[in-house]
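These protein sequence lines are chains G and W, in that order. Position one of the first sequence corresponds to residue 1 (the working numbering), numbered consecutively onward. Position one of the second sequence corresponds to residue 1 (the working numbering), numbered consecutively onward.
Among the clues, some could well be false.
[What the hints assert, rightly or not] Calculated cross-link-like contacts (lysine to any residue; reagent style SDA-like; alpha-carbon spacing at most 20 Å):
1. W:K71 - G:S156
2. W:K71 - G:R152
3. W:K165 - W:K58
4. W:K58 - G:R152
[To be verified] Computed footprint of chain W on chain G, listed as stretches where at least three residues anywhere in the stretch have a Cβ under 8 Å from a Cβ of chain W:
5. 165-176
6. 241-249
7. 268-279
8. 312-318
The hints are simulated quantities; they were obtained by calculation from the structure and are not laboratory data. Every residue gets a Cβ at the ideal spot worked out from N, C-alpha and C, and that includes glycine.
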Amino acid sequence: MTTPRWLTRVGVPAAVTVVVITTLLLVVLLGGFDLSRALRALWSGSIGSSYAFFSETLVRASPLILLGLSVALAFRAGIFNIGAEGQLLAGATAAVAVGLGFSQLPSALLVPAELLAAGIGGAFFAFIAAVLKRRFGVLEVISTLMLNFVARYAVSYLVRGPLQEPSHAYPQSGALPPAARLPTIISGQQTHLGLLIALIFAGALWWYLRSTAVGFRVRVIGAGPIAAASSGRIDVPQVIFGVFLVSGAIAGLAGGIQATGVTYALYEDISPGLGYSAIAVALLARLHPLAVVIAALFFGALEAGAAAMQRDASVPAVFVAVVEALVILGVLAIGRVRTQIAVGRLTAEPAE
Amino acid sequence: MKFTKNIVFINIAIVNLVACVAPKNEASTNFKVALLTPGPISDQSWNGGAYAGLMRIKDSLGAEVSHIQTKTPAEFEQNFRQYGANGYTLVFGHGFEFQDAASRVAPEFPKTIYITTGGTATGVNQAAMGFSFGQPSFLAGFVAGSVTKSGIVGCIGGTELPPVKASFAAFTAGVHTANPKATILVSYIGNWDDASAGKEQALAQIGQGADVIFQNADAAGLGVFQAAKQTHDVFIIGSNADQNNIAPSVTLGSVLIDLPRAFMLVAREVKSGTFKGRMIQLDTKTDVVRWVPNPSLPSAIPVNVTQRVDSIRATMLAEQFVMPPLS
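Start from the sequences, fold in the hints, and give me the full structure.
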């Protein structure tokens, strides 16, 4: 009586999706809004036209894929890195600083340099929390969360200080010159190279976790750090430290593609809490790198559709925020139920 | 499952139907106006005023209207583009922070006019509205400097934005004109929507002896009113919208931007086809910015102070007013 693995893998997210959409519609209906208009807007604003899909949904999904991978990788190793938001800001800042500082370089050098800087920036921000954890045993849940605020206010300072635009009137950086911007990959659409980068990272991370020795160690530590340490073959603190940095670097890269591919400058409000949405993405994907891509697309479509619902059916954005929060709760609840079923099954059929 | 499938099909059908019909409608009669606000329209201030403006355009000019609340530069651009693509005639981005996005999108949609309230970027189909907020802020400062007993006056802003800083500087000049020895406390909450943080800042300034506080923090500023209500003998001056009704017992008056009036000025131009992309400066003379004392608290401002304010305002209307050097 075992359900096939693929069914639970596909079934759970599918169930969540249905629940999310139903909840959203219920909320819209209860809020007294025009349901058919809202539905039409949700559809046409997310995947109902090629423009909506390529320029809205995919553009929103690109950073979410990378951020979701960042969170998924950390969670896989049992590291509760909820600092993707801060690491993203650090990455975006580093990318913009490099893009403005070396603007005379040719695009073929400058763009990779920006993205490299973004990765290093994100890794640096994770490094702070990683050192605190390793040396002093500071819980990363707290340190990474607090560092998100540090990053936010550091950006506020930088766009009013060293990185402020030349006229010194507005709290934002100067605009990146065209050579410092990520190219778009579909003519007439806003989809940028960052999407391809994100997809490559998803594939690479999937392969890495599945097929390499280091990936295996990461999974073992995530499954049981004490067992991993007891085996005597895994330097647990060392692996955790490394994974933490890589996780930060991927989140930083997400900030890099957002700054060089979408906003073309550093702003205080460059991220609408993408780093927090990423936790929902990773959980919905059950921490599977390839599933992260699908979950990120789902969230990208949801947010693009939500904007359209606001424009065309006057449904406030907070409704969608509520539904997104419900997704997280739903995923956690379903995970909990599954664990109980598994435990029940084990106790029911002990000798097998 | 079948049910959801049906919904999807119905949707495709509806979308196709709309796609076929819509362009004809747009071309003929529709005057479509959209507004992007950076914060919630429930703030009874900057964003609420803009929404009131949008509603007035809807009611007076018969426009079809749409509003969206957006926070990030990426969304500004995406929504500007969507409104352009959907045939909107006039799109307001409510704040200087929208100007980069407007400058990028406006050339792509020459039939749509993009207005930012604040900023300086202009184009053929792009204009920036500037508010000469300094003059009414000066008048408010003059009142504050006359009314304060402790000689300590506070300013609380959302974040340190250029128009807010300029308003506080003019306010300070007004305070010092009335009371050269007065001390000015300036603090920023760090955001525009956390009312409890606004309250904390206000209580901190009250603790330092401030008895008049000029706030410009939108939804976060609502906390400043709450702080004044629970302490004694502290007066608040509101910003952006007429905030005299939020807490009538503690409010001296409001430095008001008549956003509905400003929006209507532009919308009329656009509707009649006389609009030209430019910097639209709105001042005391256009009556878009003004100092409005709280009518339900007439005794708070002595008669001689009101008379002085009126005479200074007369010099402003006659364009003879000279702002003292700002610190």
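Verification of the supplied hints:
1. Proximity of W:K71 to G:S156 is assessed by CA-CA distance (about 15 Å); at most 20 Å being required, the pair is judged to hold.
2. At roughly 15 Å between alpha-carbon atoms, W:K71 and G:R152 fall within 20 Å of each other, so this suggested pair holds.
3. For the proposed pair W:K165 and W:K58, the alpha carbon gap of about 33 Å is over 20 Å, so the pair is violated.
4. Taking the CA atoms of W:K58 and G:R152, the gap is near 38 Å; set against the 20 Å cutoff, the hint is violated.
5. With a threshold of 8 Å between beta carbons, the proposed coverage of the stretch 165-176 of chain G by chain W holds, since 5 of its residues qualify and at least three are required.
6. Beta-carbon proximity to chain W at under 8 Å applies to 0 residues in the stretch 241-249 of chain G; the threshold of 3 is not reached and the given coverage is violated.
7. By the rule of at least three residues with a Cβ nearer than 8 Å to a Cβ of chain W, the coverage given for the stretch 268-279 of chain G holds, with 5 such residues.
8. Only residues whose C-beta sits within less than 8 Å of a C-beta in chain W count toward coverage, and the stretch 312-318 of chain G has 4 of them, enough to reach three; the restraint holds.
Comparing the model with each earlier hint shows violations of hints 3, 4, 6; every other hint is respected.
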